[in-house]
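Undergrad: Chains R and P supply the protein sequences, listed in that same order. Quick note on my numbering: the first sequence kicks off at 1 and runs consecutively. Quick note on my numbering: the second sequence kicks off at 1 and runs consecutively.
The set of hints was computed from the structure by calculation and includes no laboratory data. No false leads were mixed into what you were given.
Below are the BS3-like pairs computed for lysine-lysine, each with C-alpha atoms no more than 27 Å apart in a straight line: (1) R/Lys37 / R/Lys70; (2) P/Lys106 / R/Lys13; (3) R/Lys13 / P/Lys107; (4) P/Lys165 / P/Lys238; (5) P/Lys241 / P/Lys311; (6) R/Lys173 / P/Lys214; (7) P/Lys214 / P/Lys106; (8) P/Lys311 / P/Lys165; (9) P/Lys241 / P/Lys165.
Taking CB as the label site, the calculated pair distances span: (10) R/Gln238 / P/Val265: 43 to 49 Å; (11) R/Pro20 / P/Ile99: 16 to 22 Å; (12) R/Gly63 / P/Ala86: 53 to 59 Å; (13) R/Pro20 / P/Ala86: 32 to 38 Å; (14) P/Phe325 / R/Ala119: 46 to 52 Å.
Yeah, the Cβ is synthetic: ideal placement off N, Cα and C, and Gly gets one too.
Okay, here's what each chain looks like letter by letter:
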Amino acid sequence: MSTNPYQDDRGNKDRSIANPAGSGSLHAGSYSGQPQKGTAGEPFLIGEAMTGGYGGGADILHGCTIAVDKGEIAVIVGPNGAGKSTAMKAVFGMLDLRAGDVRLNGESIARLAPQARVARGMAFVPQTSNVFTSLTVEENLEMGAFLRRDDISGTMEQVYGLFPILRDKRRQKAGELSGGQRQQVAVGRALMTRPSVLMLDEPTAGVSPIVMDELFDRIIEVARTGISILMVEQNARQALAIADKGYVLVQGRNRFTDTGEALLNDPDVRKSFLGG
Amino acid sequence: MDFLNALVALANFVLIPATAYGAQLALGALGVTLIYGILRFSNFAHGDTMAFGAMVTILVTWWLQGAGITAGPLPTALIALPVGIAGTALLLLAMDRSIYAFYRAKKAKPVVLVIVSMGVMFMLNGIVRFIIGPDNQRFADGERFIISARDFKTMTGLDEGLSLKTSQGITVVTAVIVVALLFWFLTHTRTGKSMRAYSDNEDLALLSGINPEKVVAITWIIVAALATVAGVLYGLDKSFKPFTYFQLLLPIFASAIVGGLGSPVGAIVGGFVIAFSEVTVTYAWKKIATYLLPDAWAPDSLVQLLSTDYKFAVSFVILVIVLLFRPTGIFAGKSV
Ligand SMILES: Nc1ncnc2c1ncn2[C@@H]1O[C@H](COP(=O)(O)OP(=O)(O)OP(=O)(O)O)[C@@H](O)[C@H]1O
Ligand SMILES: [Mg+2]
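Looking at chain R on its own, in the form it has when it is part of the complex (with noise of 0.2 Å):
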């Protein structure tokens, strides 16, 4: 329940007069703690002990620490409900934190709000309605470029080059594709911006096993080309198999941390978090 007034529509379900489809829950995260100076051989992106929570609720992230560097990817597990997707919306500044801060290229841009971090080279993959159902292919991708103001055709044609089926399916609309290939729709759109970082949330959610491991080659493809990935997976096991760095989280606690093998033949994490 929210306490705000103006978002009681007492059950109204009338269509013909409210359009509550595509409408934004958004929003962007208030900063309350400190920002710090970055320290020499830093990660590139850091989450730094992250606290906070939505709106005036109780704390959901507690001390949380998430970080990738450049060309690496790391991956963030744990149960249903720990906060992964909070813990990366608090990285994007959608979350409002009380403490912790976060650092771009050892600058602090925890007092950014999204569309700025997008300006400066962040791209974010949502978990759920990640692409425009109703534009085409092409048109989601020329979208993901909106910030760009030169040519856009070599980064699209970089992007069809990675999914090929993309170049088919261009001018389909993304609503009329299977769930794989929405990801791959995904994914296209945040590359167009040619970030430097790229935030997926669950970016096989949903999709078979082979497309998976498609899916887990690509983005493997687009780290080697310089870009760092941070990403939550549910497919644990295989995402810490490509993962440079792993992050264990739960309760919106870090539980573990350490390479994507440590984390594979640490006991403790197969016996309560990979099922044995």
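Since chain R is already given, all that's left is putting chain P with the ligands on it; use the hints.
TA: Coordinates of chain P with the ligands only, in the frame set by chain R:
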């Protein structure tokens, strides 16, 4: 001969007026549908926005006429139209800044905005009446007819005359141009695509770097243009009276909903469906029936299904019938 006469009478009393009226409704419904799709509420102030746009245009027209500037055979109002659009755009942007922006910042539910738009409707209602008065205003000038009934009769030797008013011709031509421009804008320009993207998924639009305030502002400007054009064309064709514009809200909403809310193509089709139904149902068919039927069957009554006083009921009935069979409207907009 009788058959030709019947055909001419049909064109003169039904086809031509309904086409012009349909074009006016379509332009109005396009504005409603754009606001519904992009700003996500039904704008009850749309009829009065049309009245405001028409009013500004009329005032400028009078001034131009006073200064001796006319458009020759065309109505002077066409020269004044851009000023009317600019004035209305300024008004809507000011309304947005001072009223709607507040509710957007609060992330108010659409139903709240509907009520807000009713408040705006009453304000505009008052402003228009305060400035130009509640009465009928005439501002049409120039050549009245493209073809007058008398010329048509002497030309063809038929008993029935066919008249095509300048205002009707202009209405259809202008509507075609405006609609073509709008569709080109929405599908081919960067800004147009960003408006569709924002309508589709606000959050993702934001994450793509699309500035919502800019999308909203451009939407209001386009709506101002559509409303003013619709208002002026209606005023030229019939006459300008603030209350009539308020009443137009019903057929306009009916058009937008019948066509499928949020669908621009639907708004246009809906406009013509409503206009043709309204005109056919309220037209007295006696004359045409007399031409077509053998003398013995000639009707005594007017053969009018509904008195014109009830014409607004037609919008409702069509609305109900269409929605019974296609709940999302003809062009599958949003389910109502
Ligand atoms: N918009 C919101 N407002 C308030 N609370 C929220 C909001 N979104 C999530 N939460 C709460 O935050 C907690 C963490 O949710 P989050 O979505 O981050 O989990 P998650 O780890 O991503 O889970 P999943 O694996 O199911 O995606 C949950 O208890 C949830 O109820
Ligand atoms: Mg999640």
